[in-house]
Amino acid sequence: QKEVEQDPGPLSVPEGAIVSLNCTYSNSAFQYFMWYRQYSRKGPELLMYTYSSGNKEDGRFTAQVDKSSKYISLFIRDSQPSDSATYLCAMSFSGGYNKLIFGAGTRLAVHP
Amino acid sequence: DVKVTQSSRYLVKRTGEKVFLECVQDMDHENMFWYRQDPGLGLRLIYFSYDVKMKEKGDIPEGYSVSREKKERFSLILESASTNQTSMYLCASRGGGSSYEQYFGPGTRLTVT
Numbered sequence: 001q002k003e004v005e006q007d008p009g010p011l012s013v014p015e016g017a018i019v020s021l022n023c024t025y026s027n028s029a030f031q032y033f034m035w036y037r038q039y040s041r042k043g044p045e046l047l048m049y050t051y052s053s054g055n056k057e058d059g060r061f062t063a064q065v066d067k068s069s070k071y072i073s074l075f076i077r078d079s080q081p082s083d084s085a086t087y088l089c090a091m092s093f094s095g096g097y098n099k100l101i102f103g104a105g106t107r108l109a110v111h112p
Numbered sequence: 001d002v003k004v005t006q007s008s009r010y011l012v013k014r015t016g017e018k019v020f021l022e023c024v025q026d027m028d029h030e031n032m033f034w035y036r037q038d039p040g041l042g043l044r045l046i047y048f049s050y051d052v053k054m055k056e057k058g059d060i061p062e063g064y065s066v067s068r069e070k071k072e073r074f075s076l077i078l079e080s081a082s083t084n085q086t087s088m089y090l091c092a093s094r095g096g097g098s099s100y101e102q103y104f105g106p107g108t109r110l111t112v113t
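Residue numbers (my numbering), protein chains in the order written: chain A, 1 to 112; chain B, 1 to 113.
Hints may be right or wrong, so weigh each one.
Derived pair list, reagent style DSBU-like, types lysine-lysine, alpha-carbon separation capped at 35 Å [stated by the list, open to error]:
hint, chain 1, residue 1, chain 2, residue 2
1, B, K13, A, K70
2, A, K70, A, K99
3, B, K57, A, K42
4, A, K70, B, K57
5, A, K56, B, K3
If you want a taste of the chain A side facing chain B, the calculated C-beta under 10 Å gives, among others [stated by the list, open to error]:
hint, residue
6, K2
7, V4
8, Q6
9, P8
10, A29
11, Y32
12, R41
13, K42
14, G54
15, F75
16, G96
17, Y97
Partial chain A-side listing against chain B, Cβ under 10 Å, derived [unchecked claim]:
hint, residue
18, S28
19, Y36
20, G59
21, I101
22, A109
To be clear, the hints were calculated from the coordinates, so they are not data collected in a lab.
Cβ coordinates follow ideal geometry from the N, Cα and C atoms, glycine included.
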């Protein structure tokens, strides 16, 4: 069983939809949770970063962590065609700065 | 802006060849990483380096070696390329301290025939 599971998609939604992207994990020691966005033919870039449980909002993006269920989510409101990309979750334990564990990524397509 | 550059975007090599992938970062970061990215498997860490001449194995180091002679440059070496090393290779860097953020290069798509 992988430490981090992520549905690879693809997920196709109309412009303006609310998108929910999710990851589950097995290691209860994970404390730091990240979402990276990767456009086609580019490297991943950090989108959101949260510590422990709770929500964090940044514009149209909300990251949510539920440590009791070992489940993290990224919500995108009012999705735009420019949001079309692969979204990778990543996580690590306290002090594990050089040991990120990545999910496989979910490919999202937002069509006009 | 942090910039991480990789020497090639696409590379085609033959089985048994020695392959060098080069990565350069311009932000004076202490830490540098090599990952490979495969469909359904995500990013898997091959090696990382936390200082010049210092390296640590990641999750899948077999068949690879690395070199870091200067702070800004981190090289991945495939000693004898094999077809199962066909993949996208991503380099990343991270500053010191308690930040988890890694900055990635654009990737090198390597095909071994």
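For each hint, the structure was consulted:
no. : hint            : verdict
1   : B:K13 <-> A:K70 : 42 Å, violated
2   : A:K70 <-> A:K99 : 18 Å, holds
3   : B:K57 <-> A:K42 : 25 Å, holds
4   : A:K70 <-> B:K57 : 27 Å, holds
5   : A:K56 <-> B:K3  : 27 Å, holds
6   : K2              : 8 Å, holds
7   : V4              : 8 Å, holds
8   : Q6              : 7 Å, holds
9   : P8              : 6 Å, holds
10  : A29             : 15 Å, violated
11  : Y32             : 5 Å, holds
12  : R41             : 7 Å, holds
13  : K42             : 6 Å, holds
14  : G54             : 17 Å, violated
15  : F75             : 21 Å, violated
16  : G96             : 8 Å, holds
17  : Y97             : 6 Å, holds
18  : S28             : 18 Å, violated
19  : Y36             : 8 Å, holds
20  : G59             : 18 Å, violated
21  : I101            : 9 Å, holds
22  : A109            : 16 Å, violated
Figure legend: structure checked against the earlier numbered hints; hints not met, in rising order: 1, 10, 14, 15, 18, 20 and 22.
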